[in-house]
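**Q** Residue strings, one per chain:
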Amino acid sequence: MTVRTGVLAAVALLVRRDLRLAFRRPSQLCNPLVFFLVVTTLFPLSLSPLASQLRDIAPGVLWVAALLSSLLALEGLLKSDAEDGTLEQMVLSGQPVVAMVAAKTLAHWFVGGLPLVVISPLAGLSLGVPPAAMWVTVEGLLMGTLTLSFLGSVGAALTVGVRRSSVLLSLLVLPLAMPLLIFGARATDLAIAGEGAAAPLYLLGALLALSATLAPFAAAAAVRIGID
Amino acid sequence: MWTWIHKFGSPPHFYRIAALLTPWFGWIAAILIATGLVWGLVFAPADYQQGDGFRILYVHAPSAWMSLFTYVVMALAAGIGLVWRIKVAHAVAASCAPIGVAFTASALVTGAVWGQKMWGTWWEWDPRLTSELILLFLYFGYMALRSAYDDPQRADRASAVLALVGVVNVPIIHYSVVWWNSLHQVASVAKIGRPSIAPEMLVPLILMFFGFNILFGAVLLTRVRGEVLLRERSADWIRALVAKS
Numbered sequence: 029m030t031v032r033t034g035v036l037a038a039v040a041l042l043v044r045r046d047l048r049l050a051f052r053r054p055s056q057l058c059n060p061l062v063f064f065l066v067v068t069t070l071f072p073l074s075l076s077p078l079a080s081q082l083r084d085i086a087p088g089v090l091w092v093a094a095l096l097s098s099l100l101a102l103e104g105l106l107k108s109d110a111e112d113g114t115l116e117q118m119v120l121s122g123q124p125v126v127a128m129v130a131a132k133t134l135a136h137w138f139v140g141g142l143p144l145v146v147i148s149p150l151a152g153l154s155l156g157v158p159p160a161a162m163w164v165t166v167e168g169l170l171m172g173t174l175t176l177s178f179l180g181s182v183g184a185a186l187t188v189g190v191r192r193s194s195v196l197l198s199l200l201v202l203p204l205a206m207p208l209l210i211f212g213a214r215a216t217d218l219a220i221a222g223e224g225a226a227a228p229l230y231l232l233g234a235l236l237a238l239s240a241t242l243a244p245f246a247a248a249a250a251v252r253i254g255i256d
Numbered sequence: 010m011w012t013w014i015h016k017f018g019s020p021p022h023f024y025r026i027a028a029l030l031t032p033w034f035g036w037i038a039a040i041l042i043a044t045g046l047v048w049g050l051v052f053a054p055a056d057y058q059q060g061d062g063f064r065i066l067y068v069h070a071p072s073a074w075m076s077l078f079t080y081v082v083m084a085l086a087a088g089i090g091l092v093w094r095i096k097v098a099h100a101v102a103a104s105c106a107p108i109g110v111a112f113t114a115s116a117l118v119t120g121a122v123w124g125q126k127m128w129g130t131w132w133e134w135d136p137r138l139t140s141e142l143i144l145l146f147l148y149f150g151y152m153a154l155r156s157a158y159d160d161p162q163r164a165d166r167a168s169a170v171l172a173l174v175g176v177v178n179v180p181i182i183h184y185s186v187v188w189w190n191s192l193h194q195v196a197s198v199a200k201i202g203r204p205s206i207a208p209e210m211l212v213p214l215i216l217m218f219f220g221f222n223i224l225f226g227a228v229l230l231t232r233v234r235g236e237v238l239l240r241e242r243s244a245d246w247i248r249a250l251v252a253k254s
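Protein chains in written order, with the working numbering: chain A, 29 to 256; chain B, 10 to 254.
So here's chain A without its partners, still in its complex pose (with noise of 0.2 Å):
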């Protein structure tokens, strides 16, 4: 007799596996988080160092850092898996495609998003803005990074059977992912102004929801063609 494993705890099993196989690379881990670093150093030393203006542009730089170097680890999100067999058997599993979908973009969000949040005070100040603003920012990319990979996860999916899909990742995930980049780059805008940020906060918030009970599904279907 088989023992059927429930979803949830296949879920589990996923997104710990996950984790501790990009634990085994840290490395990998660091790179889009240097990445974003990097990239937020270009700008005062590319348009100028001047405080009042490096406050102006910081909203911005930090969205469009924030942007790019998860589109650069989003590769890694179904690639490998499915080079080695791995995402074949997990559809062969039994197990829903949606939950195992998910629960891989939120491994790969763990790894990838969250330091991410977790570091953008740093840029923050080093461009400029007010520690009071902080906050914004910080729950601002905490929901944005989130919504971001799972757009991204439709996007991995389509192109996993593509090579040298990273260009072509970019092109498919970059417009749908405009409207946070408006709605995150205007919350940080308005904290830096001392004004509430809540109405651009929530619409992050509702895109969040949007995505992340919508884009699974849409991943799933997109794997399922991907890998037939």
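By construction, these hints were calculated from the structure, which means they are not laboratory data. Heads up, a few of these hints could be off.
What the hints assert, rightly or not - Interface residues of chain B toward chain A, partial, derived using beta-carbon atoms under 8 Å:
{"no.": "1", "residue": "Trp-48"}
{"no.": "2", "residue": "Val-177"}
{"no.": "3", "residue": "Pro-180"}
To be verified - Below, a list of computed lysine to any residue pairs in the SDA-like style, where the Cα atoms sit at most 25 Å apart:
{"no.": "4", "chain 1": "B", "residue 1": "Lys-126", "chain 2": "B", "residue 2": "Phe-17"}
{"no.": "5", "chain 1": "B", "residue 1": "Lys-96", "chain 2": "A", "residue 2": "Lys-107"}
{"no.": "6", "chain 1": "A", "residue 1": "Lys-107", "chain 2": "B", "residue 2": "Ala-28"}
Stated by the list, open to error - Selected chain A positions facing chain B (Cβ under 10 Å, derived; list incomplete):
{"no.": "7", "residue": "Pro-77"}
{"no.": "8", "residue": "Pro-159"}
{"no.": "9", "residue": "Ala-160"}
{"no.": "10", "residue": "Gly-183"}
{"no.": "11", "residue": "Val-190"}
{"no.": "12", "residue": "Arg-191"}
{"no.": "13", "residue": "Val-195"}
{"no.": "14", "residue": "Val-201"}
{"no.": "15", "residue": "Met-206"}
{"no.": "16", "residue": "Phe-211"}
{"no.": "17", "residue": "Ala-226"}
{"no.": "18", "residue": "Pro-228"}
{"no.": "19", "residue": "Leu-229"}
{"no.": "20", "residue": "Leu-231"}
The beta carbon of each residue, even a glycine, is placed where N, CA and C say it ideally should be.
With the hints as your guide, set chain B onto chain A.
**A** The following block gives chain B in isolation, referenced to the frame of chain A:
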């Protein structure tokens, strides 16, 4: 009714019916657009505010409308193809993308010319312009994904998922961009005052709208016939068709 739909979904029948319909669509579109253009460009009165410059509206507005309409048709066809696995539906979706790019580009270019005349600038980060530009990127992403797959069936289904995700996102993108700018307070862009358009200006515009829609039909049918030929190139009915002609 149902047998007719089933027939329409099978490539040989579609090919034949499309061939019969195409000249009708083409000629009606040509007549409508020619009438609308002459009427709009020559006979319609000049705008009291914008002078003759407003006449580019007769190309710009239908193009902008069609750029969105084409995306919806593409997503619908993609969804139908994904759910019922109808080959012709996928061919329709594939054919929509380049047409959509053409309409979107036309809307952007005519808009830029108009903007140069009216606002004194080719490009302004106005919500409408920006969301139209993002729409262009969405079309490019769709075409890029399609061309990344070697296997046409996987290309069909993967790009269909993308088209459906995009159609959920188009309104979100649109409103995000609108709110972005209305919150942001752009200084100079005065919304084009259009105090309820006069009937002698409106009639040619309506002609142009219908003309563009039917033109879309004609171009789409032609493109789909090409797609069907390409996809079914080793099928027997095509061999029979070639042998006959």
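**Q** Indicate, hint by hint, whether the structure satisfies it.
**A** Results for each hint:
1. Residue-level restraint check for B:Trp-48 is violated (minimum Cβ-Cβ distance to chain A is 37 Å; threshold 8 Å).
2. For B:Val-177, the interface hint holds, since its Cβ comes within 8 Å of a Cβ in chain A; the closest pair sits about 7 Å apart.
3. For B:Pro-180, the suggested interface contact is broken, since its CB lies about 10 Å from the closest CB of chain A, more than 8 Å.
4. Using a Cα cut-off of 25 Å, the hinted pair B:Lys-126 and B:Phe-17 is violated, with the two alpha carbons roughly 47 Å apart.
5. For the hint pairing B:Lys-96 with A:Lys-107, the CA-to-CA distance comes to about 29 Å; that exceeds 25 Å, so the pair is violated.
6. Only pairs whose Cα atoms come within 25 Å are accepted, and A:Lys-107 paired with B:Ala-28 is rejected, the gap being roughly 44 Å.
7. For the restraint placing A:Pro-77 at the interface with chain B, the shortest Cβ-Cβ distance is roughly 26 Å, beyond the 10 Å limit, so the hint is violated.
8. Hint on A:Pro-159 is violated. Least Cβ distance to chain B is approximately 24 Å, over the 10 Å limit.
9. A distance limit of 10 Å between C-beta atoms decides the matter here; for A:Ala-160 the minimum to chain B is near 20 Å, and the interface restraint is violated.
10. Checking A:Gly-183 against chain B by beta carbon gives a least distance of about 8 Å; that is within 10 Å, so the hint holds.
11. Because the smallest distance between the Cβ of A:Val-190 and any Cβ of chain B comes to about 4 Å, under 10 Å, the interface hint for this residue holds.
12. The interface hint given for A:Arg-191 holds, since its Cβ lies 8 Å from the closest Cβ of chain B, which is under the 10 Å cut-off.
13. Taking 10 Å as the C-beta contact cut-off toward chain B, the hint placing A:Val-195 at the interface holds, the least distance being around 9 Å.
14. For A:Val-201, the interface hint holds, since its Cβ comes within 10 Å of a Cβ in chain B; the closest pair sits about 8 Å apart.
15. The interface hint given for A:Met-206 is met, as the beta carbon of that residue sits about 6 Å from the closest beta carbon of chain B, less than 10 Å.
16. The beta carbon of A:Phe-211 is positioned within 10 Å of a beta carbon in chain B (closest approach about 7 Å), and the interface hint is therefore held.
17. Interface restraint check for A:Ala-226: the shortest CB-CB distance to chain B comes to about 13 Å, outside 10 Å, so the restraint is violated.
18. For A:Pro-228, the suggested interface contact is upheld, since its CB lies about 8 Å from the closest CB of chain B, less than 10 Å.
19. Look at A:Leu-229: its Cβ only gets to about 13 Å from chain B, farther than 10 Å, so that hint breaks.
20. With its C-beta approaching chain B no nearer than about 8 Å, A:Leu-231 sits inside the 10 Å limit, and its interface hint holds.
The structure is inconsistent with the numbered hints 1, 3, 4, 5, 6, 7, 8, 9, 17 and 19, although it conforms to all the rest.
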